[in-house]
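Enquirer: Fit chains B, C and D to the given chain A structure using the hints.
Protein chains in written order, with the UniProt record's numbering: chain A, 1 to 281; chain B, 1 to 281; chain C, 1 to 281; chain D, 1 to 281.
Quick caveat, the hints were computed from the structure, so don't treat them as lab data.
Remember, predicted model here, so these are calculated numbers, not experimental data.
For glycine and all other residues, C-beta sits at the position ideal for the given N, C-alpha and C.
When the alpha-carbon atoms are kept at most 20 Å apart in a straight line, the in silico SDA-like pairs for lysine to any residue are as follows:
hint: 1; chain 1: B; residue 1: K2; chain 2: D; residue 2: I59
hint: 2; chain 1: C; residue 1: K70; chain 2: C; residue 2: I245
hint: 3; chain 1: D; residue 1: K115; chain 2: C; residue 2: I245
hint: 4; chain 1: D; residue 1: K45; chain 2: B; residue 2: R27
hint: 5; chain 1: C; residue 1: K45; chain 2: A; residue 2: I34
hint: 6; chain 1: C; residue 1: K2; chain 2: A; residue 2: E48
hint: 7; chain 1: D; residue 1: K115; chain 2: C; residue 2: F151
hint: 8; chain 1: B; residue 1: K115; chain 2: A; residue 2: F151
hint: 9; chain 1: C; residue 1: K45; chain 2: A; residue 2: E259
hint: 10; chain 1: B; residue 1: K115; chain 2: A; residue 2: F159
hint: 11; chain 1: D; residue 1: K45; chain 2: D; residue 2: I59
hint: 12; chain 1: D; residue 1: K115; chain 2: C; residue 2: S152
hint: 13; chain 1: D; residue 1: K70; chain 2: D; residue 2: V256
hint: 14; chain 1: B; residue 1: K115; chain 2: A; residue 2: I245
hint: 15; chain 1: A; residue 1: K115; chain 2: B; residue 2: N248
hint: 16; chain 1: C; residue 1: K2; chain 2: C; residue 2: D201
hint: 17; chain 1: A; residue 1: K115; chain 2: B; residue 2: N153
hint: 18; chain 1: B; residue 1: K115; chain 2: A; residue 2: N160
hint: 19; chain 1: A; residue 1: K115; chain 2: B; residue 2: T156
hint: 20; chain 1: C; residue 1: K115; chain 2: D; residue 2: N244
hint: 21; chain 1: A; residue 1: K70; chain 2: C; residue 2: D78
hint: 22; chain 1: D; residue 1: K2; chain 2: D; residue 2: N226
hint: 23; chain 1: A; residue 1: K115; chain 2: B; residue 2: A154
hint: 24; chain 1: C; residue 1: K45; chain 2: D; residue 2: Q96
hint: 25; chain 1: B; residue 1: K115; chain 2: A; residue 2: F246
hint: 26; chain 1: A; residue 1: K115; chain 2: B; residue 2: G247
hint: 27; chain 1: D; residue 1: K45; chain 2: D; residue 2: P16
hint: 28; chain 1: B; residue 1: K2; chain 2: D; residue 2: F61
hint: 29; chain 1: B; residue 1: K213; chain 2: B; residue 2: N30
hint: 30; chain 1: C; residue 1: K115; chain 2: C; residue 2: L102
hint: 31; chain 1: A; residue 1: K45; chain 2: A; residue 2: L58
hint: 32; chain 1: C; residue 1: K115; chain 2: D; residue 2: A243
hint: 33; chain 1: D; residue 1: K45; chain 2: D; residue 2: E65
Listing some non-contacts, in silico: residues in chain D with all C-beta distances to chain C over 12 Å:
hint: 34; residue: W14
hint: 35; residue: E37
hint: 36; residue: Y43
hint: 37; residue: H88
hint: 38; residue: W140
hint: 39; residue: F151
hint: 40; residue: D201
Protein chains: 4
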Amino acid sequence: MKFNVFTQMEYVVWAPGTLILSIHALRTPNQTVISEEFSIEPYIKFEELQSAEGENRLIRFEVQEQCTVKVTYNALVDNCVELTNYEHQEITLVSQLPVSVLPYLNPSRYCQSDKLSSHAHNMFGHITNPFEQVVALTNWIHYNVQYLSGFSNAETSAFNTFEERAGVCRDFAHLGIALCRGLTIPARYFTGYAYQLNPPDFHACFEAYIGGKWILFDATRLVPLNGLIKIATGRDAADNAIANIFGNINFTTMQVSCELAENSIEPIYYNEGEHSGLSYL
Amino acid sequence: MKFNVFTQMEYVVWAPGTLILSIHALRTPNQTVISEEFSIEPYIKFEELQSAEGENRLIRFEVQEQCTVKVTYNALVDNCVELTNYEHQEITLVSQLPVSVLPYLNPSRYCQSDKLSSHAHNMFGHITNPFEQVVALTNWIHYNVQYLSGFSNAETSAFNTFEERAGVCRDFAHLGIALCRGLTIPARYFTGYAYQLNPPDFHACFEAYIGGKWILFDATRLVPLNGLIKIATGRDAADNAIANIFGNINFTTMQVSCELAENSIEPIYYNEGEHSGLSYL
Amino acid sequence: MKFNVFTQMEYVVWAPGTLILSIHALRTPNQTVISEEFSIEPYIKFEELQSAEGENRLIRFEVQEQCTVKVTYNALVDNCVELTNYEHQEITLVSQLPVSVLPYLNPSRYCQSDKLSSHAHNMFGHITNPFEQVVALTNWIHYNVQYLSGFSNAETSAFNTFEERAGVCRDFAHLGIALCRGLTIPARYFTGYAYQLNPPDFHACFEAYIGGKWILFDATRLVPLNGLIKIATGRDAADNAIANIFGNINFTTMQVSCELAENSIEPIYYNEGEHSGLSYL
Amino acid sequence: MKFNVFTQMEYVVWAPGTLILSIHALRTPNQTVISEEFSIEPYIKFEELQSAEGENRLIRFEVQEQCTVKVTYNALVDNCVELTNYEHQEITLVSQLPVSVLPYLNPSRYCQSDKLSSHAHNMFGHITNPFEQVVALTNWIHYNVQYLSGFSNAETSAFNTFEERAGVCRDFAHLGIALCRGLTIPARYFTGYAYQLNPPDFHACFEAYIGGKWILFDATRLVPLNGLIKIATGRDAADNAIANIFGNINFTTMQVSCELAENSIEPIYYNEGEHSGLSYL
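If we strip away everything but chain A, and leave its shape as in the complex, we get (with noise of 0.2 Å):
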């Protein structure tokens, strides 16, 4: 699937500081970046990272002088998703798994899985396939954390939401993955942009590592599975905010798009039922 998409961020630097954003379509065996462009404007020359497990583009560039910055970015993007049917998945033993998968078991920042072991036991303990076990979680989520715009905030964690049950994209995502890491199924923190969200933003949903593959889930069901193009993956919205800024600069304005760049798409979501999970390599 092609889709074009587009940010433009705004910036008011107040005082020399540096910005790290985390915009770029990631290049991945499944997804391709056909073209792209980044500008900013005035010009100023920026650099990209990446981290050494590949799992993320930075854009790092210094402000030197008072000013207002704004960023574009626009890619035409090519990516295939993967189904694999789980009807018959076996939880993977610890003893198994790739020593680079470990550390989606620790709990982080925003995902206390330690805190939230005994609950993610108790309510899912009892199923024995681990795929039902993470469709379960996502749909309890689901029906029991309401969406609601401005309830939570950057400090707000999974313990909290687990607790006041409302929140946004990233606060279902985060209670998503301390779940399952709470069940010791290694769960990462996914962003993107994504196809028909409205109002048109960054989107947050999670990955669980099944089989021996990363599996999406997105509790808020707000876009299709597959409509999807990966930014990065980290342990939760610690790792992976769309901007980090160190210095005396404000945000001011955002956009986002994400359109179709063929004439159909068919929208995968996981049904009651069934056992097909979605991968984007």
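Expert: Using the frame of chain A, we list chains B, C and D on its own:
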């Protein structure tokens, strides 16, 4: 400096499960493992894992039947430390940090730097030399947090310790890390064997990234800074547990020791007014 | 310095096969790809690969039916170079080299440094400054090897060129690398787009590791040292082919260009008696 | 299978220099180093290095004065091998190979696969199963190249061995690798301790990448395939020297041994018509 380090731990295994231990001395340019022996009784084949960034050596094994497991590790390690003068150290701009260092600016499970950043700035923001900042916050912790066994637990975070003013080495380290990150100084958790620690145990302290090096700080002042054998570094205790247990397995007893294998050691502590930072490479 | 780089290549595909191209501008701390576009006609989904050490960007795609394939790449790239004075440079001991640099001391397919080591020592072993050694050997190649198209072929190695004294940029680079390695100076192959190269083509030269940096050398003197856009580095042409073809696929035509996207450039060459080494980071 | 491996080597150091040794048993998911000891007499602090891809463990140390140096290594290693049936194995398309495997298709110093590709295709191109291809070429080497000590030297390459039809284990391995790569089968050099090798020495053979695994082949047939302890893998002997010497240092004597530390071993060789490939992970 050569040290003999030793640990022995026993576990009662009630049902099949997996253990991941982080007790091996790290191999680094400056820390040489001359000889080492690791045994599991009864014998079980184990696997040594290493993270991509090489900041730990994990031992993983699966116990497949009910039993009592005893693990023993001993090693002869030659370590040397480096002293650097930071009297005229300027802050390193975020735009100059290596990409591998950036995650250590993010808040983590036990180091909610986002929640402690204002406090950090109010208390230490007026200091311009980053080495002096970290010395000052380490001293502040030393004089304001009581070293008290049994007060904190596995869920205790830097934010809790900041409010409750008591804890053990792990809590001292977490608070030091959170305050550093709040000041935009990268910081990470450090576990090791410690010479003259009383009672003998594993030790935790932290490293701050200053002037291109990871410098060691220890708010507990329980051991000389050059009396440590590094086991691992990571974001916080969530990444650096001595043992991660998966399954119905109980820890029963543990012994730890760290003996000097040379005639004498000139102990190093940071003194008032000095600017020598010590690093383990 | 901003440059517009461009290439277009055509292949006739007689039977299904795979192409791996190395034509994308590398993204490095100092080389920023501002915008780029890569297309394959007819459209085929491609994959971007990157080696663990990040020294290239490979484009891989499979052609599944008989056809003619046209690939086009263009990019706007902002590059800056660094000049370092090596007047008092001492040799770097092998015991101080980073582990990632060590393989560039080994002989490789086209750079049999083992066979040229005595020659290298006889000719340049008396020089004690390693920068001056590499300048001297580069000059020696420039004055003793004739630049001659069609003389060498894909099997020609540094040893052949040393004996036959003629070749193209690739052969000049291989000989430079082999002589460096023979003197225990790590050296690697460099491919790029080159400003003012006549006739326009991809260019090859080499980097030597001196004083902790990879310094650029070009025995052909065909282009200014600061007029290059780096595509890749590697052990020799075996690692850095512009195109690796697997299957019954024939290369037919190619166009390459590299235009200045600024008003002017101050060309840099190494001059007699100067000690400024230029590096692309 | 548990083995005790041992080596002792002496060097006369005429002037300060550096030694890099590759004699430590590799730590892999299937090869566990239970205990090990490495000593240098007189004592010199050494450094353990590991390549990014983790395919070796290098010991590096600097000798700063004229002396005789004796190094001793002994280890207890538990190794297990995996057998896979390749009866119906299809060729892996280059478009499906992991990026870390691609360099093992390139020609290297001692394995000029480009010069042997036509021969490889003429002799083995008609075989469609890649496992059978490598078995066939290994057999061909076994029956057509004479195992002869002292015939080849440090400059001898696969191309020389193909023409001259004599050599030692290193030459057999190089020729096997070059023929594999000529057939577009990734192949790499393997060094190890070998059980029942007579006279005792380090051994070299090779691995070919078939069906997603690195499978072991040994054209010398001198030792059982499951009697090896892996030290390192690499492109060829240029990457995998037992010792790399920098400076005026002479090797004098060496002892090597590899003893079974269990009651018995069921030796594995590839037999006519069987399709079980053995891999060390």
